[in-house]
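Trainee: Spelled out from the first residue to the last, the chains are:
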Amino acid sequence: NAGVTQTPKFQVLKTGQSMTLQCAQDMNHEYMSWYRQDPGMGLRLIHYSVGAGITDQGEVPNGYNVSRSTTEDFPLRLLSAAPSQTSVYFCASSYGGGDQPQHFGDGTRLSIL
Amino acid sequence: GESVGLHLPTLSVQEGDNSIINCAYSNSASDYFIWYKQESGKGPQFIIDIRSNMDKRQGQRVTVLLNKTVKHLSLQIAATQPGDSAVYFCAEGSGYALNFGKGTSLLVTP
Numbered sequence: 001n002a003g004v005t006q007t008p009k010f011q012v013l014k015t016g017q018s019m020t021l022q023c024a025q026d027m028n029h030e031y032m033s034w035y036r037q038d039p040g041m042g043l044r045l046i047h048y049s050v051g052a053g054i055t056d057q058g059e060v061p062n063g064y065n066v067s068r069s070t071t072e073d074f075p076l077r078l079l080s081a082a083p084s085q086t087s088v089y090f091c092a093s094s095y096g097g098g099d100q101p102q103h104f105g106d107g108t109r110l111s112i113l
Numbered sequence: 114g115e116s117v118g119l120h121l122p123t124l125s126v127q128e129g130d131n132s133i134i135n136c137a138y139s140n141s142a143s144d145y146f147i148w149y150k151q152e153s154g155k156g157p158q159f160i161i162d163i164r165s166n167m168d169k170r171q172g173q174r175v176t177v178l179l180n181k182t183v184k185h186l187s188l189q190i191a192a193t194q195p196g197d198s199a200v201y202f203c204a205e206g207s208g209y210a211l212n213f214g215k216g217t218s219l220l221v222t223p
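In order, the protein sequence lines correspond to chains W and Z.
For the first sequence, the positions run 1 to 113 when the numbering used here is used.
For the second sequence, the positions run 114 to 223 when the numbering used here is used.
By construction, these hints were calculated from the structure, which means they are not laboratory data.
Every residue gets a Cβ at the ideal spot worked out from N, C-alpha and C, and that includes glycine.
Heads up, some of the hints might be wrong.
The calculated label-pair distances, taken between Cβ atoms and stated as ranges, are [to be verified]:
1) W:K9 to Z:K215: 17 to 27 Å
2) W:P83 to Z:F159: 50 to 60 Å
3) W:V12 to Z:N131: 27 to 37 Å
4) W:S80 to Z:Q189: 14 to 24 Å
5) Z:N180 to W:L113: 28 to 38 Å
6) Z:A191 to W:V12: 24 to 34 Å
7) Z:Q189 to W:K14: 44 to 54 Å
8) Z:H185 to W:S69: 21 to 31 Å
9) W:M41 to Z:R174: 43 to 53 Å
10) W:P39 to Z:F159: 40 to 50 Å
11) W:M27 to Z:K155: 13 to 23 Å
12) W:K14 to Z:D168: 30 to 40 Å
13) W:P39 to Z:K169: 25 to 35 Å
To be clear about the criterion: a stretch of chain Z counts as covered by chain W if any three or more of its residues have a C-beta under 8 Å from a C-beta of chain W, and this derived list gives those stretches [claimed, not checked]:
14) 138-147
15) 150-160
16) 182-192
Some chain Z residues near chain W, calculated using beta-carbon distances under 7 Å [said to hold, decoys possible]:
17) G129
18) G196
19) F202
20) G208
21) Y209
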């Protein structure tokens, strides 16, 4: 049982480039979410999904897009990377949203030059 | 807006001692709270959770206490071990998401 798998683990981009951060879970969880973590801060919610075909914005959605075509996958897209998006990105999944433990992947460390 | 905060950013304890990590929350309507442990280079790992209809819950070497009157949450770790060194986050349920505090770094010294 792999849990939540994120790829890549590390990435360096130039300003203006685009990329997709991948997230997959094998626990048949309906709820998935993306957070970013900046130094000395907690995790902030970017986008979330309560099931296939349904997504919504979190606290810091600007500059990011998501889609949820399957239960297992929830990719996060940066359309035009900016230095302010340098961060560690975590994907999580759970049976519920704010009333259930969320299971996290090990993160993608992203640097924008 | 609502916020979740921690009283201390760092905590140093000796191996074998008990550790207490505190957390304040401001949303009196929150009914779900959770503690995570995060080791360097890893994602947050679930430790223990508690719902607002309880004031105490115990796990293996960990206890979470909830005081709804003063909106305070604490995590107690018994007989702290070197492997407990990590950053600990509290979070409160907020709609479809968890609202995280900034974290407390726990350092266990021999």
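Trainee: For every hint, state whether the structure bears it out.
Mentor: Hints, verified against the model:
Taken as a hint, the range 17 to 27 Å holds for the pair K9 of chain W and K215 of chain Z, whose Cβ atoms sit roughly 24 Å apart. Between P83 of chain W and F159 of chain Z the beta carbon distance is about 32 Å. The supplied range of 50 to 60 Å is therefore violated. Restraint check, V12 of chain W to N131 of chain Z: a C-beta distance of roughly 43 Å breaks the suggested window 27 to 37 Å. Range check, S80 of chain W to Q189 of chain Z: about 46 Å between beta-carbon atoms, so the 14 to 24 Å window is missed.
Distance hint check: the CB atoms of N180 of chain Z and L113 of chain W are about 47 Å apart, inconsistent with the given range 28 to 38 Å. In this structure, A191 of chain Z and V12 of chain W break the distance hint of 24 to 34 Å, their C-beta atoms being roughly 43 Å apart. Roughly 47 Å separates the CB atoms of Q189 of chain Z and K14 of chain W, a value that falls within the hinted 44 to 54 Å. The beta-carbon spacing between H185 of chain Z and S69 of chain W, approximately 42 Å, falls outside the hinted interval of 21 to 31 Å.
Taken as a hint, the range 43 to 53 Å is violated for the pair M41 of chain W and R174 of chain Z, whose Cβ atoms sit roughly 28 Å apart. Range check, P39 of chain W to F159 of chain Z: about 23 Å between beta-carbon atoms, so the 40 to 50 Å window is missed. Range check, M27 of chain W to K155 of chain Z: Cβ separation about 18 Å, and the 13 to 23 Å hint holds. Look at K14 of chain W against D168 of chain Z: about 52 Å separates their beta carbons, and that is not inside 30 to 40 Å.
Evaluation of the 25 to 35 Å hint for P39 of chain W and K169 of chain Z yields a pass: the beta carbon distance comes to about 34 Å. Residue count for the region 138-147 of chain Z with a Cβ under 8 Å from a Cβ of chain W: 3. That meets the three needed, and the coverage hint holds. Remark: the region 150-160 of chain Z is confirmed as covered by chain W, as 6 of its residues place a Cβ nearer than 8 Å to a Cβ of that chain, reaching the required three. Under a criterion of three residues with beta carbons nearer than 8 Å to beta carbons of chain W, the stated coverage of the region 182-192 of chain Z fails, only 0 such residues being counted.
Hint on G129 of chain Z is violated. Least Cβ distance to chain W is approximately 29 Å, over the 7 Å limit. The restraint placing G196 of chain Z at the interface with chain W is violated, with a minimum CB-CB distance near 18 Å, outside the 7 Å limit. Hint on F202 of chain Z holds. Least Cβ distance to chain W is approximately 6 Å, under the 7 Å limit. Because the beta carbon of G208 of chain Z sits about 5 Å from the nearest beta carbon in chain W, less than 7 Å, this interface hint is met.
Residue-level restraint check for Y209 of chain Z holds (minimum Cβ-Cβ distance to chain W is 3 Å; threshold 7 Å).
The structure is inconsistent with the numbered hints 2, 3, 4, 5, 6, 8, 9, 10, 12, 16, 17, 18, although it conforms to all the rest.
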